[in-house]
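Throw the hints in and build the complete structure from the sequences for me.
Take any residue in the sequence shown, count from 1 to its spot, add 1217: that is its number in my numbering.
It is worth saying that the hints were derived from the structure and are not from the lab.
Even glycine gets a Cβ: it sits at the ideal position worked out from N, Cα and C.
Treat the hints loosely; a few may be bogus.
As the list claims (entries may be wrong) - Only pairs whose alpha carbons sit at most 20 Å apart, straight line, appear in this in silico EDC-like list of lysine to aspartate or glutamate:
hint : residue 1 : residue 2
1    : Lys-1232  : Asp-1289
2    : Lys-1493  : Glu-1463
3    : Lys-1320  : Asp-1289
4    : Lys-1264  : Glu-1233
5    : Lys-1248  : Glu-1463
6    : Lys-1248  : Glu-1430
7    : Lys-1367  : Glu-1431
8    : Lys-1367  : Asp-1245
9    : Lys-1404  : Glu-1445
What the hints assert, rightly or not - With beta-carbon atoms standing in for the labels, derived distance ranges:
hint : residue 1 : residue 2 : range
10   : Pro-1528  : Lys-1319  : 31 to 41 Å
11   : Gly-1241  : Val-1527  : 36 to 46 Å
12   : Glu-1418  : Ser-1389  : 18 to 28 Å
13   : Glu-1431  : Asp-1239  : 17 to 27 Å
14   : Thr-1468  : Ser-1389  : 12 to 22 Å
15   : Arg-1414  : Lys-1248  : 37 to 47 Å
16   : Met-1492  : Asp-1236  : 30 to 40 Å
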Amino acid sequence: MPIARIAALSAAIPKERVDIMDLGFDADTAKRTMRLTGVHAVRYAPKERTASDYCLRAAQEIFAQAEMRPTDVDGIIFATPHPDYTYPGNSSVIQSALGIPKKCIVMDMPHACTGMIYGFYLADLLVRTGECKNVLVCCGDTSSHHLNPKDRAMRMVIGDGGAAALVSAGGSMVSQYAFHHNGDGLKCLYTPASGERMPRERGVTDVETVDAEENVRTLEDEYMDGMEVMRFVMNEVPPCIGEVIEKSGWTHADVDVYAMHQANDFILKSLARAMKLDKHKVLFDVAETGNIGGASLVLALCHAEQTAHVPWRRALLAGFGSGLSAAAMTTSLTGTTILPVIEF
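Here it is as structure tokens:
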């Protein structure tokens, strides 16, 4: 049975940097947000750009730098909660743009913060079953297009971007995975009027309301119950990570790097304390980008690689967020081509 490996990683983000202090909120609120979350600036995609644009650019960089070509790809997986079209999915967009052969498996998932882990899992299965030899995994989001400009809770911490990874046969370490999910919490992080359950209606779903914390939004804007999401993260992510470490036959001391979803520094530090992790092994990468969604863990690895140059033989990757969902995996990044972050 073939063993899958992550052959290459790449990430792309908007070039425009927006300082938190320039978003129009009062200075005290902005400063408090920076202290708590670690986010000092966010990256917003222009209205004409989508998740597929950033993932495509990241994928193009992989094929420009790696030995592989788009014609070698026989599988595409794309995870985003905000696709270019309702259907077909963004995997079709990527296949056409890159010229990937017609004999190809394509899959799309509406996953957000756990999208990259789920993508790796499916790619791993395709390689291990012999169905595919090279799978392109894409994960991206342009959440800023779906936020109310007056929503302080979301506007100051959410950014945009995308990532691409090439998963190929020829690995030496079998990756392990763990997943936790609680659909009871689906309304803790979602957009109410975004599908068939609540169709958008002028004068109804586009009416602004103000919550107890003075955040302004409509039913067409993204909503997050921060306290409930935090409760889920602290209750489910540590056991999820513990489960995958046990499956791997590791201890936390064996892990070289923890690349987790970059929600914000407060959540990451809380998780690190709860699991008694070595803080020098945990990546923190929200300061200049904000939370870009499921692609954030790849963005963190790409940024870290430019300064660390450490052979991450044993890596733990984890995502958590909408669903409510938690996912973790162990893998080796030895020999993985990790490319510099692209800004455009």
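Verification of the supplied hints:
no.: 1; hint: Lys-1232 x Asp-1289; result: 30 Å, violated
no.: 2; hint: Lys-1493 x Glu-1463; result: 16 Å, holds
no.: 3; hint: Lys-1320 x Asp-1289; result: 11 Å, holds
no.: 4; hint: Lys-1264 x Glu-1233; result: 12 Å, holds
no.: 5; hint: Lys-1248 x Glu-1463; result: 40 Å, violated
no.: 6; hint: Lys-1248 x Glu-1430; result: 16 Å, holds
no.: 7; hint: Lys-1367 x Glu-1431; result: 9 Å, holds
no.: 8; hint: Lys-1367 x Asp-1245; result: 16 Å, holds
no.: 9; hint: Lys-1404 x Glu-1445; result: 10 Å, holds
no.: 10; hint: Pro-1528 x Lys-1319: 31 to 41 Å; result: 38 Å, holds
no.: 11; hint: Gly-1241 x Val-1527: 36 to 46 Å; result: 40 Å, holds
no.: 12; hint: Glu-1418 x Ser-1389: 18 to 28 Å; result: 55 Å, violated
no.: 13; hint: Glu-1431 x Asp-1239: 17 to 27 Å; result: 19 Å, holds
no.: 14; hint: Thr-1468 x Ser-1389: 12 to 22 Å; result: 20 Å, holds
no.: 15; hint: Arg-1414 x Lys-1248: 37 to 47 Å; result: 39 Å, holds
no.: 16; hint: Met-1492 x Asp-1236: 30 to 40 Å; result: 33 Å, holds
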